[in-house]
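> Sequence:
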Amino acid sequence: MTSCADPMACCDLDKAGLTGLGCGVKTAFVSSAQLPTATSQWVMHAFRSTGCRRMYEPIALVYGEVTDNTHIRVHDQCMTSEVFGSLRCDCKEQLETAKAFMVSQGSGIVIYMPQEGRGIGLANKVHAYNLQDQGADTVDANRVLGFEDDYRSYEPVKHILDHFGISRVRLLTNNPRKIVLLTKLGITVSARVPIVIPGQQYNQAYLDAKAQRMDHMIPMDGDASSPKLSIPLPIVAVAAGIIGVGLATWLRMEQYRKLSKIGEGTYGVVYKAMDLNTSSTVALKKIRLESEDEGVPSTAMREISLLKELVHPNVVHLHDVIHQSDKLYLVFEFLDHDLKKYMDLQGAAMQPLVLKSYVYQMLRGIAFCHAHRVLHRDLKPQNLLLDAHGTLKLADFGLARAFGIPIRNYTHEVVTLWYRAPEILLGASHYSTPVDTWSIGCIFAEMANRKPLFPGDSEIDELFRIFRVLGTPDEGMWPGVSSLPDYKVSFPQWQPQPWSNIVPSLDPLGIDLLSRMLVYEPRKRISAKHAMNHPWFDDLPRQPATPYY
Numbered sequence: 001m002t003s004c005a006d007p008m009a010c011c012d013l014d015k016a017g018l019t020g021l022g023c024g025v026k027t028a029f030v031s032s033a034q035l036p037t038a039t040s041q042w043v044m045h046a047f048r049s050t051g052c053r054r055m056y057e058p059i060a061l062v063y064g065e066v067t068d069n070t071h072i073r074v075h076d077q078c079m080t081s082e083v084f085g086s087l088r089c090d091c092k093e094q095l096e097t098a099k100a101f102m103v104s105q106g107s108g109i110v111i112y113m114p115q116e117g118r119g120i121g122l123a124n125k126v127h128a129y130n131l132q133d134q135g136a137d138t139v140d141a142n143r144v145l146g147f148e149d150d151y152r153s154y155e156p157v158k159h160i161l162d163h164f165g166i167s168r169v170r171l172l173t174n175n176p177r178k179i180v181l182l183t184k185l186g187i188t189v190s191a192r193v194p195i196v197i198p199g200q201q202y203n204q205a206y207l208d209a210k211a212q213r214m215d216h217m218i219p220m221d222g223d224a225s226s227p228k229l230s231i232p233l234p235i236v237a238v239a240a241g242i243i244g245v246g247l248a249t250w251l252r253m254e255q256y257r258k259l260s261k262i263g264e265g266t267y268g269v270v271y272k273a274m275d276l277n278t279s280s281t282v283a284l285k286k287i288r289l290e291s292e293d294e295g296v297p298s299t300a301m302r303e304i305s306l307l308k309e310l311v312h313p314n315v316v317h318l319h320d321v322i323h324q325s326d327k328l329y330l331v332f333e334f335l336d337h338d339l340k341k342y343m344d345l346q347g348a349a350m351q352p353l354v355l356k357s358y359v360y361q362m363l364r365g366i367a368f369c370h371a372h373r374v375l376h377r378d379l380k381p382q383n384l385l386l387d388a389h390g391t392l393k394l395a396d397f398g399l400a401r402a403f404g405i406p407i408r409n410y411t412h413e414v415v416t417l418w419y420r421a422p423e424i425l426l427g428a429s430h431y432s433t434p435v436d437t438w439s440i441g442c443i444f445a446e447m448a449n450r451k452p453l454f455p456g457d458s459e460i461d462e463l464f465r466i467f468r469v470l471g472t473p474d475e476g477m478w479p480g481v482s483s484l485p486d487y488k489v490s491f492p493q494w495q496p497q498p499w500s501n502i503v504p505s506l507d508p509l510g511i512d513l514l515s516r517m518l519v520y521e522p523r524k525r526i527s528a529k530h531a532m533n534h535p536w537f538d539d540l541p542r543q544p545a546t547p548y549y
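No gaps in the numbering here: position 190 of the sequence shown is 190 in full-length UniProt numbering, and each next residue is one more.
No wet-lab data here; the hints were simulated from the structure. You may find that some hints are simply not true.
Said to hold, decoys possible - Here are the computed lysine-lysine pairs in the PhoX-like style, where the Cα-Cα straight-line distance is at most 25 angstroms:
| no. | residue 1 | residue 2 |
| --- | --- | --- |
| 1 | 272 | 340 |
| 2 | 451 | 340 |
| 3 | 488 | 524 |
Claimed, not checked - The following label-pair restraints were derived from C-beta to C-beta distances:
| no. | residue 1 | residue 2 | range |
| --- | --- | --- | --- |
| 4 | 41 | 458 | 40 to 46 angstroms |
| 5 | 458 | 135 | 41 to 47 angstroms |
| 6 | 50 | 144 | 44 to 50 angstroms |
| 7 | 68 | 311 | 26 to 32 angstroms |
| 8 | 68 | 533 | 48 to 54 angstroms |
| 9 | 69 | 477 | 55 to 61 angstroms |
All residues carry an ideal CB built from backbone N, CA and C; glycine is no exception.
Turn these sequences into a full structure, and let the hints guide you.
Encoded structure:
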């Protein structure tokens with residue numbers, strides 16, 4: 001093997017496609033430990049690589065039981081996005097998407113390589129960013145600084161895979177160079193699974209430069225139509241034998257007989273169906289793939305990965321995932337009604353204990369989600385399923401998000417309008433679990449009144465309906481409200497109304513609980529966990545409600 005005395009000279013082998021093949025790099029296993037994350041449990045394996053007069057420490061994050069031809073993501077460190085939250089690239093989103101994909105498939109390995117800035121280091125990367133601020137693209141910035149376009153080495157990947165007894169992989173990447181280098185290292189790449197993250201104003205030029213000048217297989221300037229830039233993930237998945245969450249064998253759709261269409265979810269049609277093997281009734285959610293050039297919709301991937309982890313009596317159970325041609329089916333347990341249909345069918349007011357049980361079960365389900373750092377973000381009566389025994393289950397996690405500390409930026413265009421928290425209506429991008437508590441409060445009042453509490457027909461109408469009940473918020477009522485993007489000092493002024501006038505059917509304890517849920521200031525809103533201990537529930541046997549029909 002070729003030796004290398006200069007660590008940078010080693011990287012000159014990049015142009016010949018021989019990086020890591022001749023630097024005498026040695027990699028040793030150090031130790032492993034459990035790594036619980038917001039939505040899944042991983043095992044972290046630490047390695048130490050030496051060679052070229054340097055030492056660095058790659059990490060292998062392993063999910064599930066991995067075997068040969070497993071999914072892997074070779075991910076290079078990006079402190080600027082993964083730690084500092086930079087929007088100049090898509091590295092953090094690629095890492096999180098890869099992890100979610102592996103969770104959805106039941107296994108996989110993320111090999112995390114400490115190679116900041118395509119191998120040039122953090123300080124040089126900041127210098128390159130300075131040049132990009134002056135008009136250079138990511139390739140020219142490297143060259144002005146005297147670096148090759150890509151300085152990364154991947155010989156430790158071979159050593160790490162050898163440690164796990166893996167020689168054949170399905171690689172999550174958009175970078176053809178990684179495929180070439182891993183192949184030269186003796187690793188068989190049986191399939192490429194693309195990770196296409198939509199660009200935004202701060203990183204689109206960077207993504208375009210990688211596509212145009214470094215041959216990365218990603219859409220340019222939002223154009224996902226070119227087949228040479230994007231391989232649809234479902235096609236790769238079928239070719240590689242990917243068959244879904246926890247499946248050991250391929251299940252043909254002939255196993256299920258559609259009985260009727262029962263609704264449409266965030267991204268697909270839902271059918272009532274029969275499992276011919278067990279004669280049981282299931283719900284089939286058909287995911288639309290026809291228009292998804294980049295593969296499985298992110299909402300579907302999110303729902304699959306979250307529901308695999310969220311196993312709870314008050315969360316709908318995902319049985320299976322089945323791929324057929326250009327369709328993806330999620331097979332759920334079937335529940336007879338949703339809360340919206342149940343309320344529509346009721347000819348009289350809901351019995352107090354039934355109302356109490358449904359509110360309690362909503363809180364118990366969402367408290368479990370929040371304990372696992374998952375925001376539902378789309379709670380509404382249509383997404384609350386009921387069975388004949390009075391059990392309520394949260395469903396439709398297509399808009400759900402894992403969250404962490406500190407609270408991340410999210411889009412504010414979530415949650416059906418009538419159940420949307422005021423901080424979202426006023427444009428907040430930082431929000432957390434209180435948005436779900438607000439939605440439950442709105443549903444609570446709707447069940448008590450037998451009509452929606454805030455049935456707005458636009459965002460401003462929704463806000464004004466809230467203001468008419470809670471009063472127009474000001475800094476005294478809600479510190480910081482005036483700094484929210486959509487707050488106007490010219491808002492009409494309304495005074496708060498007594499809750500006993502708004503929800504007259506509720507007793508004082510019920511009104512007290514509702515008033516704690518529907519509080520303007522998010523941090524003062526009662527949490528689901530604390531709400532479950534409210535004295536309004538003291539006479540509840542804490543079991544599902546009695547049958548509702």
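> Each hint needs a verdict: does it hold in this structure or not?
Here is how each hint holds up against the structure:
A threshold of 25 angstroms between alpha carbons decides the hint, and for residue 272 with residue 340 the separation of about 17 angstroms falls inside it, so the pair holds. The hinted pair formed by residue 451 and residue 340 meets the criterion: a straight-line CA distance of about 10 angstroms does not exceed 25 angstroms. A threshold of 25 angstroms between alpha carbons decides the hint, and for residue 488 with residue 524 the separation of about 22 angstroms falls inside it, so the pair holds. Residue 41 and residue 458 have their C-beta atoms about 43 angstroms apart, which keeps the hinted 40 to 46 angstroms range intact.
For residue 458 and residue 135, the hinted distance range of 41 to 47 angstroms is satisfied, since their beta carbons lie about 42 angstroms from each other. For the pair residue 50 and residue 144, the beta carbons lie near 31 angstroms from each other, so the given range of 44 to 50 angstroms is not met. Taking 26 to 32 angstroms as the suggested C-beta distance range, the pair residue 68 and residue 311 conforms, at roughly 29 angstroms. In this structure the hint that residue 68 and residue 533 lie 48 to 54 angstroms apart at CB holds, the actual value being about 50 angstroms.
Judged by the Cβ atoms, the range 55 to 61 angstroms given for residue 69 and residue 477 holds: they are separated by roughly 59 angstroms.
Against the hints set out earlier in the document, a violation occurs for number 6 only.
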